[in-house]
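Peer 1: Start from chain A and add chains B, C and D according to the hints.
So the sequence lines, in the order shown, correspond to chains A, B, C and D.
Take 17 as the starting number for the first sequence in this note's numbering and just add one per residue.
Take 309 as the starting number for the second sequence in this note's numbering and just add one per residue.
Take 3 as the starting number for the third sequence in this note's numbering and just add one per residue.
Take 2 as the starting number for the fourth sequence in this note's numbering and just add one per residue.
These are computed hints drawn from the structure, not numbers from a lab.
One should not assume that every hint holds.
Using C-beta positions, here's what the derived DEER-type ranges look like [to be verified]: (1) A:350 - B:332: 56 to 62 Å; (2) C:54 - D:269: 53 to 59 Å; (3) C:39 - D:579: 34 to 40 Å; (4) C:127 - D:623: 40 to 46 Å; (5) C:4 - A:247: 24 to 30 Å.
From the structure, some residues in chain D lie toward chain C, with a derived Cβ separation under 8 Å [unchecked claim]: (6) 99; (7) 306; (8) 558; (9) 562.
Every residue gets a Cβ at the ideal spot worked out from N, C-alpha and C, and that includes glycine.
These are the residues of each chain, in order.
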Amino acid sequence: MAGADVIPDPMEITLVIAKIGLVLLVILTLAAYLVFAERRILAWIQDRKGPNRVGPFGLLQPLADLIKLLTKEDFCPPAGDRWLFFLAPAMAAIPAIMTFAIVPFGAPVRIFGRDLPMQVADLHVGLLLFMALSSIAVYGVALGGWASNSKYALLGSLRGLAQLISYELSMGLSLVPTVMLARSFRLSDIVAAQEGGWFILYQPMAFAIFLVSILAECKRIPFDLPEAEGELVAGFHTEYSGMRFGLFFVGEYINILVLGGLAATFFLGGWQGPLLPGLLWFWGKVLAFAFLFIWIRGTLPRLRYDQLMHLGWKVLTPMALVNILATAWWLYLAGSSPL
Amino acid sequence: MAATLFYILATVMVIATILAITGRHPVHAIVYLVTSFFALAGIFYLLLAPLVAMFEVIIYAGAVMVLFMFVIMMLDLGHPERGGRPALGQWLPALLLGATVLATISYAAAGFAGDKLPAMLPGVKEFAVTLFSRYGVAIEVISLQLLFAVVGALYLGRRR
Amino acid sequence: MRVIDDMTAILTGLWTTWKHILRRPVTIQYPEEKRIPSPRYRARIILTRDPDGGERCVACYLCSAACPVDCISMQAEEGEGGRRRAAWFRINFSRCIFCGFCAEACPTMAIQMTPDYEICRRDVMDLVFEKEDLLVEHCGKDPEYNFYRHAGIGVTQPRGEGEGEKPTVDVRGLMP
Amino acid sequence: MPKLIIDDIAVEAAEGVSVLEAAKSVGITIPHFCWHPALGRAGACRVCAVKLLDGPVKGIQMSCMLPAQEGMVVSTTDPEAVALRRQVIEWLMINHPHDCPVCDEGGECQLQDFTIACGHGTRRFVGPKRTHVNQELGPYISHEMNRCIQCYRCVRFYQEYAGGSDFGVMGSAGKVYYGRFESGQLESPFSGNLVDICPTGVFTDKTARFRARYWDYDMAPSVCPGCSVGCNITPVARYRELLKIVARRNDMVNGWFICDRGRFAPKGVNAPSRPRTSLVDGVKTGREEAMDALLRRLGEVAELYGEGSIAVVGSTRLSQEGATLLPLLAESISAGALSYGLSAAESRASSGAISMLTLENGASIADVENADCIAIYESDLREEGPMLLLAVRQAWRRGAPVLLVGENSPLEQVRGVGIEAVQLHYMEEAPLAIFERPVVIAGMRHGDPRVMAVLDRSGARVACLFPGPNGHGAALLCAEHGGIPLEEALAKGKVKGLVAVEADIPAELLAGVPFVASLDWRETAAVQAASVVIPTAAWVECDGTYVNFEGRAQRFSRVMKPGLPIKELDPACHPPRIHQGDPPGGDILPSWQVMIEMIRLAGEKVPDGPFSGSWANLTSLDPEGEGEVIRGRCRRDS
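So that you can see chain A by itself, here it is in the shape it has in the complex (with noise of 0.2 Å):
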């Protein structure tokens, strides 16, 4: 086989199994309390206080709700598909984390002589990478549903597959107009080309597409057919207990950071931003579209089916075409260079 046999620098290896261990850390840590963070929140545009009583102002709580899960019963419907069954929660969960690989979620930093990009993995297709990682993403939520031989899993796992492949469409035709702008798959690319202005402000479209899509993606209200709690019990995970419950629960917050942070990244600038340093600021956007993912969910009602189909296909995808070619000709009539 031709190609990529060169041998690796061990330092190099060890770099990345560092920054995968970091970032592993990092965003299981903030996924834990961002569901802490979500009930507070919730409470508060409730007039409630939320959980306050494990440890000071209730930040044990993640600690308390990790111990439940792992010392509850692992159940499986007895006339379900045991082996998809078990399997399902890891592909809820598995392509969420390691979509974040090709986050570059700061400015590169120079460490032991050499340029140490913060990102797990810089690859030039990463964009599509990104792609391919959300609609595998389907098929937790699909064969979960299905293997439990529940009506409401049944039904909430057809809604889900159904409504992410809708939305997948908009969501990727929405960043088609970053990689014109950009001229790169690479994340990196895209991140670098915002230096003179955020893309936000050369497509507003494109972002508000954008931003409904993955609110979609991650099944949230107002788009959270998938579980609809009072239609559909809790929908495809309803026969879920224990951790496996607990996998698809976090894989849903881990989605939601590294959907923060690929909005950040295609529209925000990334890293990039004045006075602070770039981690800095990467983070603050991330946490600023989680904060927004909750409040829109502690104010939205959930939408019907139909609607959200109709938004989805007669919405959003014809505008994200138009958008497009908006677009197409307005690099075509500015030249090649137009940032």
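Peer 2: Relative to chain A, chains B, C and D alone:
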């Protein structure tokens, strides 16, 4: 290193494909097939064709198979896995076609065995330029076809 | 413009919830802070006494008949002076739904409901309250009422001397 | 048969029936107090007012006083009638003490029901209430005159129906008082019916004072075990304790009433000394072990003293189920003698009676009431069948002479019910032939079997008072299976082992028997002497059948679950902190089921049920029904 990875991926792919063919449960078969696609994408990546690898996953695993699954889950197919095994007569055409394909590939592989792969495969830009200039017309025809399909679907699904 | 209306609606919603984030929560931290319910609150059941200190309960079985969950049981017996009383009286609070039918049915105002809502116990069996646990040393919400003063059968006072009674009839008298 | 219309329903009433009864026959209840089916009308209470819209009489009328006539159109819901009833009930309630919570009648009180039915809710009259002093009426009945509504039912029953002379009505107008002429126990042997007949709580059952309420009662149709009359009763139990007994209507037997003996006499069901667990040599064991031990010891007795040294003894209080199984039990343990617990004299008289009685010449209580001459032969009805005395009084009120024949028919018995009777020495002296419907009531205790033949020829209907509630059934089976009196069996000196099944054997007879086993629910001499005791269910704790004096088989139902009453439980055990199926002492079976178990253990073929073969038709008896007469089986079979 790359060779090791290739053999691992190839083994996974072959086994998954065999399981997908012989599996009697459609949902299990889809899961095996998706696994096979993943392995294939990995092999493409090793062959320095990351674009193809990504499209493999996005289009085949992420779209086509999901639609398959959607249909299988929507239509209650009962329990086809409990049905009988296909008779030998039904296996024959598949075996025949399989043998033909295998022979062709062997012949082709033998023919190209000595050739060297180009040192660098074209990047995204070259790929795009080729696609939209040299094969531009074909692409447009195909996309028009897709547009018809979309319009047709909207027409069928319109509210009466 | 519908789109603008819709956007305004969504933004108004977001603004409303934002205002509520900054508002003080209305939650009461229960074990530390406690509310005192109104006197008519229907919680722990008691058996009261009449103003003279006697048991009001005459074990007439009306509360147990009215109880929709069958949580009241008792055994009547004859006490001193011809008073009817409960030999034992039992309320199973693990069954009680605090509907208040018993208090409503009680003809002697004996069974009453109090605002004491803290009746959790570690052991379910401790929720079975016996007469000693239920009987209190006061009149509850009806400080004046005394059943036997009104019931003309001469238990707390000689016959014919209760409230609104004529002296007893002399059967052998010749006057019409 | 007059036809009339009541509340838009066309009614065809029987001749001479009141409008109230005519309405009752189609399910319309008109409130009433003084009217009673057995006592008729008095027109005293005025609450049965109805309005006649059309026909021979018009306007407001008292429906109990008004005979149903052709063409009447009656409205019970007319506003005028409703208003009158409401006013009347308000008057009746003016002096009521409002003490329902402490009144034992509460919940089963006609006054409560009709006060609500008539629409009276709140007392409006503010004046003082009239009060009375109560009387002490003995240990069975308590008196609360303040609750009285002056319907005269008590006096009409006590003086007219039952012939009592110590209780009556005094005073006038607002002072009307019902009571004895001086405090003391009521003398009539039917005084307990005052409790049933009083529509409110003036007379209540003192033995069940302050115990329970109607809606909590465990009740079932049952038959009195007091004597061979077999009055229909409703025993009332609560918390596994028999509280009281109430009369149950059966026009073929006792009508509406029962005697005080059946109502108040201690039945032993609640006795603390009652056997509740199986005992072997005084040690508590399980029932299975006790039955094993019993069979083993019977085997030892047979081995020691030879075949036929065992006697099986039943009794006349053993239900017909047990009595039919007794011969099978005797066979399965190879017993040499079978006794139905009849004494030698009773046995002779009973066998005579059994061979004499046919379906035609037996007398029922209704026959007694309709007789135009009654002879009481060698019997004290106060002991052998008090309710027959009440029936004799009804016949006497219609003019039938009453003859007391023989030395053992005391004159005092009829004095209690206010009858004048003639005493004779011999049955032959009675001029039965000159009457159309003469009835002879014959006692079995002192009866002479030769007289039975005389009676058979006399043409009179005969009521033979067998001993015990199932005396007739026992006598039938005794004749069928060749039972002998226990004295005779013991006199031969061969009997060395006794199996007593609910048998009341005198202690002196037991003295010489080495081995005694007892199946019983009463603490009899046999239970005390027995080395193996297996407790059985009392008559209120199981279903069963009694055959009464006239040969009427009547089914009684289980009233309560067997087991130690809550009252007798250790307070620490109640409420039960550990939940279990049976209460303590609840693991007992009816004697006939114990007998089936023993037959099974002895290795014999087990019958399907208690009644097989020629008795099979008794299986489907309805406890609510009138019973089935099986008298004269012997003659028909032979």
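Peer 1: Now tell me if each hint is right for this structure.
Peer 2: Against the structure, the hints:
A beta carbon spacing of about 58 Å between residue 350 of chain A and residue 332 of chain B agrees with the range 56 to 62 Å that was offered as a hint. As the Cβ distance of residue 54 of chain C to residue 269 of chain D is approximately 42 Å, the hint placing it in 53 to 59 Å is violated. The hint said 34 to 40 Å for the Cβ distance between residue 39 of chain C and residue 579 of chain D, and at roughly 36 Å that hint holds. Between residue 127 of chain C and residue 623 of chain D the beta carbons are some 44 Å apart, a value that agrees with the proposed interval 40 to 46 Å.
Between residue 4 of chain C and residue 247 of chain A the Cβ separation comes to about 27 Å, which falls inside the hinted range of 24 to 30 Å. Interface hint status for residue 99 of chain D: upheld, as the beta-carbon distance to the closest one in chain C is roughly 6 Å, under 8 Å. A hinted interface residue such as residue 306 of chain D counts as satisfied when its beta carbon comes closer than 8 Å to some beta carbon of chain C; here the least separation is about 52 Å, so the hint is violated. For residue 558 of chain D, the interface hint is violated, since its Cβ never comes within 8 Å of a Cβ in chain C; the closest pair sits about 24 Å apart.
Interface hint status for residue 562 of chain D: violated, as the beta-carbon distance to the closest one in chain C is roughly 16 Å, over 8 Å.
Checked against the numbered hints above, the structure violates hints 2, 7, 8, 9; every other hint is satisfied.
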